[in-house]
Structure formats: C-alpha cells, structure tokens
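J.: The chain contents come next:
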Amino acid sequence: MVDNRYATALVISCVLSVLATVYLSVAVGTQHWYQYTSPPVRGEANISELRSLHDEFMEGEFDEKTYSDTLFRLNGTIGLWWRCVLVPSHTHWYKESGMYNLISSHKLSHHGFPQNNLLIQSMVLSGHDLCFFLFLNFSSVSDPKMVMKCVSFTLTQQFTPKYKEPGNHNSGEDMLRTYLWRCQFLLPLISLGLVVLAGLIGFCACLCHSLTPTLGIGMLHLLAGLCTLATVCCYLAGMDLLHRVSVLPDKVDGSLGWSLYLALISSPLHMMAAALLVWAARSHSQNYYRMTAYRVA
Amino acid sequence: MPGFSSGGLGGEVGGPASSSPRRFHPSRYVPVSAATTFLVASTTLFFCFTCPWLSEHVSSVVPIYNAVVFLFTLANFCMATFMDPGVFPRAEEDEDKEDDFRAPLYKTVDIKGIQVRMKWCSSCRFYRPPRCSHCSVCDNCVEDFDHHCPWVNNCIGRRNYRHFFLFLLSLTIHIMGVFGFGLLYVLHHQHQLDRVHSAVTMATMCVAGLFFIPVAGLTGFHMVLVARGRTTNEQVTGKFRGGVNPFTNGCLRNISHVLCSAQAPRYVGRWRGKQTAEVQPPFLRPPLSEAQLEAKVLDNGIQNDCHSTRSKSSLEQMESQSADAEPPPPPKPELRYPGLPRADTEESSLLSDGPPTPSMYKYRPAYSSPQMNHTALTHPNKMIRGDSLDSPSILQSSCQPSYRSEPSTLDGGSIIGVGVHTGGRERGEGPGGTSGTGGGVSGGISGYSLGGRSYTSYPSSLVLSTGGSLSSSMRSAHTHHNTLGTLQSEGTTDTSYKSLANQTPRNGSLSYDSLLTPSESPEFESAGYTSPFLSAQMAQQREGQLLQGSASFSSPHRAYLRAISPPLPTPPPHTAHPETPHLLHQDTRHPHLRASSSRPLPPVSEQPSPSSPRACSPDPPVSPPPRGPSLGQSLSYTREAGLQHKARSTHLFSLTLSPHLHPYPPPPPPPPPFPADFPIRSTSRPGLANHSTSKPGGGVKKVTGVGGTTYEISV
Chain D
1 MVDNRYATAL
11 VISCVLSVLA
21 TVYLSVAVGT
31 QHWYQYTSPP
41 VRGEANISEL
51 RSLHDEFMEG
61 EFDEKTYSDT
71 LFRLNGTIGL
81 WWRCVLVPSH
91 THWYKESGMY
101 NLISSHKLSH
111 HGFPQNNLLI
121 QSMVLSGHDL
131 CFFLFLNFSS
141 VSDPKMVMKC
151 VSFTLTQQFT
161 PKYKEPGNHN
171 SGEDMLRTYL
181 WRCQFLLPLI
191 SLGLVVLAGL
201 IGFCACLCHS
211 LTPTLGIGML
221 HLLAGLCTLA
231 TVCCYLAGMD
241 LLHRVSVLPD
251 KVDGSLGWSL
261 YLALISSPLH
271 MMAAALLVWA
281 ARSHSQNYYR
291 MTAYRVA
Chain R
1 MPGFSSGGLG
11 GEVGGPASSS
21 PRRFHPSRYV
31 PVSAATTFLV
41 ASTTLFFCFT
51 CPWLSEHVSS
61 VVPIYNAVVF
71 LFTLANFCMA
81 TFMDPGVFPR
91 AEEDEDKEDD
101 FRAPLYKTVD
111 IKGIQVRMKW
121 CSSCRFYRPP
131 RCSHCSVCDN
141 CVEDFDHHCP
151 WVNNCIGRRN
161 YRHFFLFLLS
171 LTIHIMGVFG
181 FGLLYVLHHQ
191 HQLDRVHSAV
201 TMATMCVAGL
211 FFIPVAGLTG
221 FHMVLVARGR
231 TTNEQVTGKF
241 RGGVNPFTNG
251 CLRNISHVLC
261 SAQAPRYVGR
271 WRGKQTAEVQ
281 PPFLRPPLSE
291 AQLEAKVLDN
301 GIQNDCHSTR
311 SKSSLEQMES
321 QSADAEPPPP
331 PKPELRYPGL
341 PRADTEESSL
351 LSDGPPTPSM
361 YKYRPAYSSP
371 QMNHTALTHP
381 NKMIRGDSLD
391 SPSILQSSCQ
401 PSYRSEPSTL
411 DGGSIIGVGV
421 HTGGRERGEG
431 PGGTSGTGGG
441 VSGGISGYSL
451 GGRSYTSYPS
461 SLVLSTGGSL
471 SSSMRSAHTH
481 HNTLGTLQSE
491 GTTDTSYKSL
501 ANQTPRNGSL
511 SYDSLLTPSE
521 SPEFESAGYT
531 SPFLSAQMAQ
541 QREGQLLQGS
551 ASFSSPHRAY
561 LRAISPPLPT
571 PPPHTAHPET
581 PHLLHQDTRH
591 PHLRASSSRP
601 LPPVSEQPSP
611 SSPRACSPDP
621 PVSPPPRGPS
631 LGQSLSYTRE
641 AGLQHKARST
651 HLFSLTLSPH
661 LHPYPPPPPP
671 PPPFPADFPI
681 RSTSRPGLAN
691 HSTSKPGGGV
701 KKVTGVGGTT
711 YEISV
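Protein chains in written order, with the working numbering: chain D, 1 to 297; chain R, 1 to 715.
Hint data in this document are derived by calculation from the structure and do not stem from the laboratory. Just so you know, even glycine gets a beta-carbon here, dropped at the ideal spot from N, CA and C. A couple of the hints might just be wrong.
Unchecked claim - Not everything, but these chain R residues come out facing chain D in the computed CB check (under 8 angstroms): (1) T81; (2) F179; (3) Q190; (4) H191; (5) L193; (6) V196; (7) S198; (8) Y267.
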C-alpha cells in the first residue's frame, strides 16, 4: 500500500509535468500572445498607404516603429518569436484597383455628353447606383479571403536595443524595455531546459532503480514554474510600456491572446508537479526510516 | 516516453520501500493517468480559450467560480488518492502462530443485537473487524472498505471515503459548469466555428459530455449509499439485504457521519511510539542514591575505628598515589639483575611439580557448567574482550622478578627497609593476581607467590621481635597477628589445615630447603586424607550459611562477606590438596586487608559521594566465578581507568584486592552504562551466586567468624 501511493504520486506528477511542458512549448512557438483589432478598410485613399506599410513590413528593414504601426493598422498579432498581420490576398488587391479604374472610366465617360442636360442627369444617377452595387459586392466577397503574413524575429533582432522613442535612434536606449524583452524570450527557454533536465535525471533514476533524485527533480520543476511565471510578468510589463511609448491609433483595440494564457496556466501545473514530487520523496524517506528502525528494534 | 518513465518510477518505489519485492503492474497506473490528464487538460484549455471571452461578455465572476470549483475538485482528488484509507497493520509471524493453525474461519459478534460474522484473514493473521475487508490489489485489510478505485489508484475506506464522495460531487458540478459555459460560447460564435477558440471549446465540451454520464451516475449511487449508511462492498456482496443494517443511524445522521465526523486515526503510524521509547537515555539517579547510602554506612563504620588504623590507611593511600605516578628509572636496572636467577629456579620447580595435570582438571568444570555456557552465549562481546586481555597479563607477568628481589632488601631491618617493604607488597600483589588469571600454569605460580608472601610476613615478625623500639602502628599489627594465632588454635580440623599451611610456604622458599627436606614425606602421606575433610567442609559451609542468615550485619559488611564466600569452591577438589591450605591461609588475612584498604578512601578523598560508589562498585563483580565474562568486564574497567584519575584510584583498589584472590578471576569493573544490559546481568548474577553457594566449601564459616571477630576487635 505504501509504495502504491508514492508510485501514484510520481505518475500524476509526471502527467502534470508533460501537460505543462506541452502548453509552454505551444505558447512559445505561436504568435498569439497579444493581438490588435483594426478597423476595416475605408475609402480608396487608404489602400495605397496600407499597401506600402505591408510591403515595408514584409521586405523592409527591421525597425520597431515600422512594424508596430503595421501591426496596429493591419490586425496584427505578436508573439515571442513571430509577428503577423492579417491582409487580403493579391487578387483582392487587384480587384479593388480594377473597380477603381471602372469608376474612373465611368466618370470620364460621363463627362463626354455635354449637349443633353436631362440625359446627362439620368446617366449620372444610374452610374452612382451601379458603382455602389459593385463596390458592395466586392467588399462582401473579399472578407473570407484574408490571409495572415508572418515574419519571424531573428536572434540579432531579439537582442536589438529598444529606444525611448520608437523610430528615433537619437532619443537614447530604454534599458528597462530592452531587458524586459530579452528576459521574456530567454526565460521560457530556461524553463523548458530545466524540465528536460529533470526528465533526463528521472529517466536515469528509473534505470538505476533509485528514488534519491526525486527531491531534486521536484526542485527543478519548481524553478521551471517560477521561470514561466516570470516570463508572463515580463511580457505584460513590456507591452504596457510599449503602448505608453507608441500611442495606439484611433479605433484600434489590443487584447491578450490564448498563447499567453497557455503560458500563464503552465506555471501552476509545474508547481503542482513539484509539490507532488517533494511530498513523495519526503514521505517515502520518513516511512522507510520508520520501517528500518522498527525492524532493528 | 511518459508511460515508460512513470512505470520505471513506480518500480523504484516498489523496490526499496517494501521488504518483500512486489511485482510492478504498469497497467494499474493507466486509469489514474487518464483521469488526471482529462481533468487537468480539459479544464486548463477551457480556462485559456473560453474564459477570456466569457469574462468580457458575460461576467468576470465566471472564471473565478470555475477556478474555485476546479481547485476544490483537485484537492479532494489528491486527498482521496494519497490518504491512508484506514489500513490495519499485519500481525507479526511470531504473534499469532498458534492462532493461524487453530483459528476457525468465522467468529460471530453482536452489534445492536444483530449477529455479525468476522472472518479470519490469512494474509494479515487476524479476525477482520465488521465492515473491514481485504483488498487484493493493495494486499491490506482496510477499515470500512468501500471499494478499490482504479481512477485514484487507492482503496476507499473509512478515512478517505469523505474526500472521495466530495470529489464526485464537485466533479459533477465542475463538468456541468464547463459544458454549460462552453455551450454558451459556441452559441454566440456560430459564425466563427472554424477559429481556434471555437474548436478547442467544442473539444472540451465533448470530453466533458463523455465523462458527465458515468460520473453523475456514480455520484447518484453514492448518494443513496450515504443516505442508507452502507458501503459499496456491502451492497455488492448483499450483506444485511434481508435483515436490518446494524450500522445505520438514520438518514441525517448517516450523512453527517460521512461529512462531519472526526478523522479516524491512522493505525500504520504506531511505530513512532516504540521508536521514541527506545531512544530514551538511561536514568542515573538510582546508582547515586545507593552510593550515598553506602557512603553514609561507610562513614559510620570508619568513625568507630581506632586512630592507629587511620594513620595506617593514610600511609597506604600515599603509597597508592605514588604508584599512580611514573616509577623512578634508577631502581629498575638494580631490580633486573638479582631477578634473573630467581626466574630460573621457578622454571625448574614448575617442571618438577607437573603443571599439565591441574590445568586439565580446572578446564573440566568450566566447560561442563551450563551457567557458564549461558553467559558465553548471552555475552559474545566479552569473549572478544577476554582474548584482547591476554597481552596486558603477559606485560604484567614481567613484573614478577622485581617482586622477587624485594625480600632481599628487607633483610637490612632498617626503618627505610620497612617502608620499601610495604611498597613492595602492593607492587608485587598485582602480578601475582594477574598470573593467577593465566592459563594452566596458574596453579604452580600461585603456589610460589603464596610462598613469597608468607616469607615476607616472617621477616616482619623477626624484625618486631629483634627491634628494641617500636611504633604504635607496629604494635597494633603485632596484636592483629596474635588474634590470628588464637583463631588458628580453634577446632581440631582447623589446626590440622593451619599446620599444613604453615609447612607448605616453607617448602616454597629456597632458603629453607635444607630445613624442610625431612618433612616432605609426611605431606605426601597426609594427601590421602583429603576426601573426609572435604565432606567436613561441606557441613561447615552449611553452618556458615546459617550463621550468615542469623547474623545481622550492615550492608557493606554483607557485601564483603558475599564477595568473599563465592570464590572458595571454584577449584576442583582433586587438585585442591596443595592449594587448599594456601586458600585457608589467605582467608585469614583477607578480611583484615579488605577492611584496612577500604577505610582510607572517605577521609582522604575530597568528594566522598562520587568516590564511594567507585570504591564499592568493584566488590559485587567479584562474585561471578566464570573467567571469560570477568575478563571482559575487567578489560572494560581498564579502559575506563585510562579516562579519569578517580578511575585509576579504583583500579589500584582492585589491584590491591586481586593478590588475595589471585587463584580466582580478578574483580571486574562496574558494568557498562547500557540500561538494557542491567536486567541480563542481574538475572545472571543470582543464578551464579546460588550455584556458588551450593558448592561445598569449609572456609565460609571461618571467613564469617574471622570477619565478625575482626570487627569486634577493631571496635
């Protein structure tokens, strides 16, 4: 009976550890830590501007202000290693421009009939209705075909310093934001490393039929949980500081993503696994000591 | 990977924890792994993907409510899994060995007037209490056994049934909450079902729905059982189905008993009490109190003594202190030169006497006596100590030549010579005693040492008779000798033995060889008459015992008498002929020297209470005659002597006593401080004492009379 309960504790702690590790891996690998909700495209005047932002986002040089503005205005989502924007596909870009040409041509043709005033007025009204109908159809059709374009942060870009005013390299380096950013992408790697190390030690302990490392494995899991919790805190602090430095445009809303929640919930799972391991190690040693003393007596 | 690692970990737990290695079954841990995975994974995914939207659009209380319910469920799950269900410890194999064969299968007991059967459990070796059942998976008898739950991998018994029941209730509520809120989310996002949040929420709802039906059914079943006051085991086996259940107390009381009763005690943890009991240190008060009592009695006895005896004891104390210090180097080379010829003469005399015969006779009683075998078995460590003691005896035996050379210096007859004489006695007595403890050669050596001692006594008498002016102490010694002479004149048999004692020491001394030559033949002729005298000694010993019973002495006097009487019967009668007169001669002097040696301790010592127990403690150990255990005890005593100065003084005290008892084992030191050993030794001592008292010995009476007479004279 005694060994059965301790074995159960070890099994459950193993399950919790695996769950937490999977959650943390998924969180680190995805980009849904923070997401922005941008207003829909309005007016033909903004299309070219957004298009240029998109082109610069995809192929331009790395700059915090550039990619931040793009994320704000194109339904961007940002993670630890990825930043993504939600844009219409290329065919939709072309169709919108085609519609614009059609409207232009229609106006031009309208100016070609100066002799008949009554005929001219009736043509103008029908032309407007036709243009509106076409635009509405194109708008409704284009919604389902929005695609997500992602760009990854390279290691050098991760270590690039942050400036007090994004875009202005002469405003001085913001040490707090720089180190918060570095911590938030290094700590989860440390946490995963600790869990892998604990797993290796556990595996070796299985081969050697020894329970001595159980306490150490519990401590490693506790450290992993603390590192994960620190990661989440650093990320939230960093985003808050970013929004203070770069003011969000009008009608742009930001919210936490599900990756952040996964990382947040993997921390208590690690701590629960650590608690079970420590309990099993301590209780088992105590019981063994009693049995030994009793047998000797 | 996780399955393999968990299996290995389980194997680790099984190996060292249990005394008998059990077979590891990895399949037992699959249900608990599945339960944990589904519970934790579905709940955490629900919190990550569904609760953010609910907290924004429905209410911020939703995630808090779900978190509280989930934590309560998890806590009860852990308690049900890791709590001792109420396991009864197994009976030990020695405890009920007879009952195991003769025990009937069932015993009937009355509970509220209803007959309930108790079944004999062959695995645990006891009758199971009512509602107790043996779980084959855990291999233990569990109190109020409900069932063995594979989902928590533990038995559900009296102690953890409450937590299991609450776990079922909270799990049902949690599943309903997750399913309901998930459904709410999906209904509000019908147009976005392809998104990640909707997909995860629907998966969570499927898992919750799958588990809801069996969990709700099980919860309902246990609600009925709790209301009726039954266990699953009773329900399944059909107990008390037709009749009345003696364990039910009504619906409300049953529910309150399950949920609100006090936690049942744990039976497996009772080892703690025994462990603490064993660690307790031994008590030191009883020996102190005994020591104080003995000190008071000794003080009373010493105050009554004469002033001359005090001065004499002070001289002995000074000599003993000087002996403690390192001896001066100059006397050693002088003593070595005259000692050589004496050793040669000893060797020739030993060969002429024929030593192998007494050794063979002495070994027989040691092996044949059952008590000695018992002591040897119970104290194996003492045998080892006895072996290690051989080397110090060899070292001490080398001091004999120095003792032999001292009588020549006494011939001067000067006052300085008298001082050296008294010092020589103490130094020489030690090697004599240690040689007595040796192997087969002890008989011969002891005879010659006796001769040497008697030779020393005669020169003192000659000096007394020839000297013109004598000190008061010398006169008192002379008076003691006169009293001894009067004692010797009593009784016909006593006179015959005394005459033999007077003649044999002369034979030992070389200077009187020419004088003793014609008297050798009558000694050999008288050897034939030993057997009737031995029978007379037995009768005298019986009279001595009666005298001991009737006489009212103080406790220290009785201790001395008891210490003196046992060593007499140790030598066998066949080999006792040449030694018997020596023993008698020793006994006449023994009480006097003991009294004189014990007197100096109280007035000289600065702390009477601690020194008196050390002085008195060596007396009782004298009683055990077997050599092995006594040697071991003496070895431990010598170790203690090296630690403290007071111990050294007691060591010298034992050395002074040992020459008188040199044919017998030396007095062992006080027993070691282990409290467990006290009862064993105390049991062995009275047995040995009875054995020694039952043996024949004529000296008991004389010793008693001599001791009594000596004390009367001193008073």
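J.: A separate judgement is required for each hint: does it hold in the structure or not?
T.: Checked hints:
1. T81: Constraint on T81/R satisfied, holds at 6 angstroms.
2. F179: violated, 20 angstroms
3. Q190: violated, 16 angstroms
4. H191: Hint on H191/R: violated, closest Cβ of chain D at ~11 angstroms, above 8 angstroms.
5. L193: violated, 13 angstroms
6. V196: holds, 7 angstroms
7. S198: Violated. Min distance 12 angstroms.
8. Y267: The hint is violated - Y267/R has no Cβ within 8 angstroms of chain D, the shortest such distance being about 12 angstroms.
The structure does not agree with the numbered hints 2, 3, 4, 5, 7 and 8 stated previously, though it agrees with the rest.
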